[in-house]
Amino acid sequence: MRQTTQASPETQRAIPIVTPQIHRKRHVSFGRWFRATGWRHLVGVIVLIYAVFPLLYVLSASLNPNGTLLSSNGLFAKIGLDSYVTLFNSPQQPYASWFGNTLFIGLTASVCTVFLGALAAYCFSRMRFVGRRFGLISLLVVQIFPQLLAVVAIFLLLNTIGDIFPILGIDNQIALIVVYLGGALGVNTYLMYGFFNTVPRALDEAAKIDGAGHARVFFTIILPLVSPILAVVGLLSFIATTNDFVIASVVLVTPEKQTLAVGLYQFVSQEFTSNWSVFAAGAVLASIPVMALFLYLQKYIVGGLVAGSVK
Amino acid sequence: MSSTQTEDARETRVVQKRRRRAVRIAEQASGGITSLIVKITLIAVIDALSLYALFVSLAQQQWIVFAVILVIAAAINIIYFKRGWLPAKYLAPGLIFLLIFQIFVIGYTGYIAFTNYGTGHNSTKQDAVIALVQSAQDRVPDSPTYDLTVLDQLGTYSFLVTAPDGTVSIGNDTTPLHAVDGAEMSGGKAVGLSGYTALDFEGILQHQDEISDLAVQISDDPNDGALRTPDGSSAYLYVSTLVYDEAAGTMTDTTTNTVYTDTGVGAFTAEDGEQLMPGWSIPIGVDNFTKAFTDQSIRGPLISVTIWTFAFALLSVLTTFALGLFLAIVFNDMRMKGRKFYRVLMILPYAFPGFLGALVWAGLLNRDFGFVNLVLFQGAEIPWLTNEWLAKFSVIWVNLWLGFPYMFLVCTGALQSIPHELTEAATVDGAKPFAVFRLIKLPLLLVSIAPLLISAFAFNFNNFNLIYMLTEGGPRDAAAGINVGATDILISMVYKVAFVGASRDYGLASAFSIIIFVLVAIIAVISFKQTKTLEDLN
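Heads up: the protein sequence lines correspond to chains H and F, in order.
With the numbering used here applied, the first sequence has no gaps in its numbers, which climb one by one up to 311 at the end.
With the numbering used here applied, the second sequence has no gaps in its numbers, which climb one by one up to 849 at the end.
Since the hints were made in silico from the structure, they are not lab data.
Computed footprint of chain H on chain F, listed as stretches where at least three residues anywhere in the stretch have a Cβ under 8 Å from a Cβ of chain H:
| hint | segment |
| --- | --- |
| 1 | 647 to 654 |
| 2 | 827 to 835 |
Computed cross-link-like contacts, DSS-like style, restricted to lysine-lysine with a CA-CA straight-line distance of at most 27 Å:
| hint | chain 1 | residue 1 | chain 2 | residue 2 |
| --- | --- | --- | --- | --- |
| 3 | F | Lys400 | F | Lys350 |
| 4 | F | Lys393 | H | Lys208 |
| 5 | H | Lys208 | F | Lys400 |
| 6 | H | Lys208 | F | Lys328 |
| 7 | F | Lys350 | H | Lys208 |
| 8 | F | Lys648 | F | Lys743 |
Predicted model, so just to flag it, every value in this text is computed and none were measured.
Every residue, glycine too, gets a C-beta built ideally from N, C-alpha and C.
Construct the complete structure from the given sequences, taking the supplied hints into account.
Structure, rendered in structure tokens:
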């Protein structure tokens, strides 16, 4: 004990000399503890309140039977699953279809995005051809102009195409997926390109000597090796599509065809205060799978982001 | 000496030749019969679809679409059947989508920016004439009664009409009446036709609205009038009070005798300036841009929205980065217990879908019933989202909530990758912890984080969801000539001008988009120069 107090002049200064021995010991350790890590816990608790409170609030609001915005202020005052039941039983908000649509659009778009992006990334990483550098730079440059900004043109384009091929027109989910695929090459390709470069070339060369063609090398050797980045890009593009409101709200018109972002927003914006707890129930259900997946893959996502940026 | 050199060169040439041959053999041997079948099947499917699409566009005489499909289909066939061109085989699928939905639409935005596309101006002149003539139809006094049967063919309704003189004809809203043979007759009235289903009384009731809206022209000339039915069993002749004179290109109102002419503004305009709506869309040159830069009620809001967009994006990046970095340093102490626990809970807002987060905060910050005002401030009615400055503050505050976990994660990762020896060496040299941080850690950190900060800036520059879900861009600026508010950023302004409210101005919205494109391009050039990303490409 003595040794420790001597070891740190700072702590020594903090100890009131009159304090009895036993108290002093406790006090010292608390002071030291607080200086070293204790204040960190204090900061942590404050930040946790900021971070977690809104989420607890939604959960509580969703469990409030037939609750409005006003009655949601009493946290966990009443518990019931009525809002969840209403969510699936009222024709006003076809929540089940929104959920299904979001999954369908998000999964299809992200799987296709990953595939198209991986093809391009493999090409840029393994082949040397005229215009390769130009291609890589153009991908970066095109990405600067987000599709959001061209939403008017996308709307009018789909309007025109829809007169000829209704499947690619307004109010069709296939059309929306196809529009999303326009952004398949870009940042995603870049993330994958960086990762593909880390896979040793010796592997594909060995395979080629053994008689594998480029397609077989790509599908059976490269793709399994880069699966972590494929998962990350898939998840990122899934999150991006499920979060998209602008294009989805312009393309999808009929309530039964809309996604969660469009449907839930329109539902809650109609009667903001009275629809509150049904909205909260919808929000909880919508976020649980995404959050679970996210926390599960968190390590890879951060790794991917940092690796991609350093590259 | 020289002879060995040439020998070496010959040897390498031989080796290279052999290698090339080996590669070629490998390529040929590897294809395999299954992959060949898969390839041919896929291309067959694509070709079949393209052929179908070609026929459809041919039938509708859409020549541009026809040409585009033809070019794409030909390109696919050439790329995948030709030997070599390996990179093209891998790039083509993504490129096709990129070209249509990323590059073409940018160009198309540019075109729309030079038109008056929007409410009342969204089709061709021909469509406008038909719409006008049909909208002004009045029943002809004591017109003859036509016997009518409503026919259904795959959801398209047609009128099967028996004229008073006994002729039977058929037509719908796109095809004028034309005589037809072989109708099923009953008591002098045609009641059915093969290939169509006749609607019974029940069916007519079900589709009442569509049927009463139906106007079937009696001839190719819209001025001759159209048949409409009030009850589904008899039709009357309706003639428009607007008469279109094709030769003169004028529209005359027969009740007031006003003549409306095409004065080149995309609508029939009377001498006193009164316009008939709907009009049609025409190229109007730089009018939209002139309006954006000179019209006081648009220029003012455009400038303030632009400033706010930059301020918002910059503040968002700074606040989230500052808090994230601070927390990363705080929790980067190995001695601290429960770091994992804090970490997981802290990144929850990042995992929560963004649009939902903004909506939840809109509820929390609601002026009358929100948790913040009622519980935290004991019923004070603080206008968090409806006062101009408080709304701006709230937007930043909520974006901090959404964004700090991301910065925390990224900074933690970057801090841990800084070698320990550096800080140790500095400490040995007598540097204080803060100096170590400021002079060693921060610069190293910024090197790896800078690109992420730039992409965060770009993301927030177009962070539509947060703004629209939290405040809808409000509080609205009443003095502005367009629908904008204090918290609107450029992208939400474009969306509102184009898609929100009764009047939609696609032309003006596209002009705004083009202005943003230019702004973004300038920023991009600058930031690319800063990060030198382009030079690192090998």
